Amino acid sequence: MKGLRGLAVGAAALAVAVAGCGTSASNTGTAGSSGPKTLTVWLMDGSAPTTLTDALNKEFQDSNKDVTVKYEVQKWGGIQEKLTTALTSDTPPDVIELGNTQTPKFASEGTLLDLTGDASNLNGGEWLGGLKDSLTWEDKQYGLPFYASNRTVIYRTDLFEAAGITAPPTSNDEWLAAIEKLKTANAANPDFQALYLPGQSWYTLLSFIWDQGGDVAKKDGDKFVGSLDSAQAKAGVDFYKKLVDASGTKAPKDTDEAKPQQMEVFGTGNVAMMIGLPWELGGAVKANPDLEKKTSAFPIPSKTAGKSAPVFLGGSNLAIPAGSKNVDLAKSYLKLLSGKKYQDQLGAAGTVPGTSKDTASLASNPVGKALAASSANGKVTPATPKWAAVEAGQNPLKDMLTAYLTGAKSLDQATGDANTALTALLGG
Amino acid sequence: MTAVETTDAAVPVRTSSPAPRRAVAGGARRRRGSTFDRLLPYLLLAPAVIGILWLIGFPVVSVVVTSFRKLDLGELVRGQVVWVGLDNYAKVLSDPRFWEITLRTVVFTAVVVATSVVVGLVIALLMRQLSTPVRILLQVCMLLAWAMPIIASTTVYQWIFDQQYGILNKILVKLGFDYAGHSWFSTGTATLSVIGLLIVWQAIPFLAFSLYAGVIGVPADLYEAAGIDGATAWQTFRAVTWPELKPLLMMVTFLSLLWDFKVFTQIWVFKEGGPSGGSTTLPVLQYLEGISQSHFGVAAAVSVLMVVILTLLTVSYLRKLLQTQEGKL
Amino acid sequence: MNAKKVSANVVAVLVAAFFAFPTYWMVTTALKPKKDLLSSSFDLIPSSVTSGNFVTAWTKPGFLQSLGNSLLVSLSAVVAALVIGLLAALAMSRMRFRGRKGFVMLMLVAQMAPFEALLIPMFLMMRDLGLYQQLSSLILIYFAVTLPFCAWTLRGFVNGIPIELEEAAMVDGCGRWGAFRRVTLPLLGPGLVATSVFAFITAWNEFLFAKVMVRAEDKETLPVWLSGFQSAFGTDWGGAMAASALFTVPVLVFFLIVQRKMVTGVTAGAVKG
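Protein chains in written order, with full-length UniProt numbering: chain R, 1 to 428; chain Z, 1 to 329; chain W, 1 to 273.
These are calculated hints, taken from the structure and not from any lab test.
Please read these numbers as outputs of a predicted model, since none were measured by experiment.
Among these hints, one or two may not hold up.
Said to hold, decoys possible - Computed beta-carbon distance windows for the label pairs: (1) Ile309/Z / Glu180/R: 55 to 65 angstroms; (2) Val253/W / Leu53/Z: 29 to 39 angstroms; (3) Gln235/Z / Lys5/W: 17 to 27 angstroms; (4) Ser410/R / Gln235/Z: 57 to 67 angstroms; (5) Asp128/W / Thr189/Z: 43 to 53 angstroms; (6) Gln80/Z / Asp114/R: 16 to 26 angstroms; (7) Lys70/R / Asp128/W: 21 to 31 angstroms.
Unchecked claim - Derived list of chain Z stretches under chain R, where covered just means 3 residues or more per stretch with a C-beta under 8 angstroms from a C-beta of chain R: (8) 163-176; (9) 273-282.
For glycine and all other residues, C-beta sits at the position ideal for the given N, C-alpha and C.
Turn these sequences into a full structure, and let the hints steer you where they fit.
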């Protein structure tokens, strides 16, 4: 899921072709049963705090003499190309991190090592369900969950209080009512936005569609076909528009939350709510430190009072490339990382740990608490290798939202067109 | 950079000398005529030709070969070879969108190239009329544009055209137009217009500098003669500047065509070829097939078709160039 | 005439503003405090400035390292392309031989190759050469990208130098090499410089190959380092713009050094006519 962001912004290009590759598996001499070894670990920029990785790498090297961990932090821009080529090289990294929506594509093509037999060794009983689904292909597991996160409604406690809202809304109706109260209370501020909601925040849309009982695609035999034209999905899209209209958000209708970054907008102090990930609040606080004491979060409300809407569970998996020359070392590295010690650190860093059900360390602050509360209701996009293509460019869901929100298309037409495009992508 | 094309322009300018001087050169060589002399040109060309054939030719051939294979991620990683004949081409060519995209790409390229060459020429001509400080100011500003990293310029353009916070809408509102919250990217054409502006902005400095060098390479006595004949500015341009500049103009137009046809980064970063695919060009299609969907064989077919189309667009120029070369020999 | 000149200058200033504006916007964005980045007020001139973003960019790990890598890669590629391109240019311009036309065509057609499409074949080639993860792979690639253009343009420059000058030198007792070294090369100076600017910018800005061919952080080039401002945590735009401004500086320095040379080269060309 995050690969997309990197891709979208990174200067990128087209990769194409190959003549006679891969067969020249010249062993470059990295293997060998004894002597010093290097374990190459490849994590994404910003995924795990450096305090965690430093400690982890040190502990691993201490307990494995003669092994050096070559820890490479990968930047997001151009990562698709880099993954494709690195997995094709003679010396792929030994441990890699993959976005969860990206994983099926790599798992289904035999590029990753089958870890089904090792699951028990890797805390398999406590794997986070949503992520586990994403790395399972034909009943085999090609990785293990690393961490996940999901969206909550991040809000300004001071503005809520000033508007006379005593408790965070727990249903869609209460949410809309709160928006009205906030608008009335801040009518004097021309820059005020009760809720910042850009037109293409499609992960948020997923919540609404799921909450209405719909889905973006459904399984039809061994293929997925779009189901955006169902009444439930349409109701979800419609609620999105209702929120945009009611809140009078000034966010562009034709971009997602990254352009401009909604955390920067929230950081201006004129926004009462945004639907975002914990790190987005972190970014806003960095821009405007005053916000730290004035913010909290609540789960995205549901149409049913007292419940919270299902949320998209975004995150990363860890995997061992099929061509790794240090499989055993890589496995013991993953074993160490999947242990409670490091999982707790992931929780403390504000993400849902991938291989531990204990989220106590996460719930130590209000945002983490909302996160932990809603992650139980986390869902993922259809587990098909084709899904990566939906996110890797020209996402029909985004076009659908823009077309409907700007009035360019009717609800039926927008959902119908998007459904056709989605079915084509999932089928092709 | 200025001088890059000067001499190219200057070549025809100095037509008085080439013919005899070449004859002399050839004659001199023939007199010596040793094996070494006969081999010398090939020796001098060898490193360049080897470099090009090895580093460009070989990958190009593999792209062509790949276009006849099924090559998805799995085949790539396993090093598996699956031949599918013309399937990839059939798939691409049978998609009605392909023709729409091709047409869009050609029109977009034509508009961008024409605009940047014409404006570049006008600026080059303008520069001759300027006082020195203003000319240097203009040159420095164009250098700034040229030196700006693409990632920065693309981002800055997106901000300038931002619906809500963009300075452009703010300025228009200040000037009394109703552009508050105006979206510059509501259709594919609108999106391509903004991207086209960015590309023109990036391309003009090279063009203006090259053409300026050509303009001041025009012998002054030709202008003096025109002045004596009492020609108007337009007549002078038609009679003196234009014929002198034409070969250079054709050359830079040709190069711009090659470059602008292949533009990808800017288009992708703005809207990924959207909204609803409305700004998708051939390089974007290639990316969608290749990297996004990992159909490298299909993407290779798209690249081959791209080169074919590019060749069709430029074939008349290449032919003309060959003839001139022949004439020069 | 005077009024015409004035209006030409006025137009030129407006055009200059058009070209400079994005750079101005990049620098002011880098100077703005974070909270002013997204403001709906009219902010053509920033209301407050900070050097914080520049400090962030300057102190972000790897800046000097990747600056060094970029200089090494770009300059090596450019020098190689110039030398080899010049040899080819001399042959194409000064000599008569069978197949000359074909070689001229090759230089042109090579520029039609869709470079980004060659990513994967080039990667496989570098892998098999054992150059994957080496900066030398980038040098080779940038050399290949810029070579046809260099050879082509230098051919034009050599054409522009009257061969009579060389012949006069040869009559004076210089050998062919001596004539080249004493006459052609100095006259070609500006042309070499001008061509190198183009080649340098191309190599300096390249991102995708730099990203794919090199994995280790200590071998990153500047564009890849620059992309580090955008992360899973979003993009630090203020920092990215400050870094972009820094990134532009070496190119500008290069320009300023060669600028005078270029102007004299052009004037010389005019006089020669």
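Hints and how they fare:
1. Ile309/Z / Glu180/R: 55 to 65 angstroms: About 56 angstroms separates the Cβ atoms of Ile309/Z and Glu180/R, which means 55 to 65 angstroms holds.
2. Val253/W / Leu53/Z: 29 to 39 angstroms: 36 angstroms, holds
3. Gln235/Z / Lys5/W: 17 to 27 angstroms: 20 angstroms, holds
4. Ser410/R / Gln235/Z: 57 to 67 angstroms: Holds: the Cβ-Cβ distance is about 59 angstroms, inside 57 to 67 angstroms.
5. Asp128/W / Thr189/Z: 43 to 53 angstroms: At roughly 45 angstroms between Cβ atoms, Thr189/Z and Asp128/W fall inside 43 to 53 angstroms, so the hint holds.
6. Gln80/Z / Asp114/R: 16 to 26 angstroms: At roughly 19 angstroms between Cβ atoms, Asp114/R and Gln80/Z fall inside 16 to 26 angstroms, so the hint holds.
7. Lys70/R / Asp128/W: 21 to 31 angstroms: 23 angstroms, holds
8. 163-176: It holds, with 3 qualifying residues against the three required.
9. 273-282: Coverage by chain R holds for the segment 273-282 of chain Z (6 residues, Cβ < 8 angstroms).
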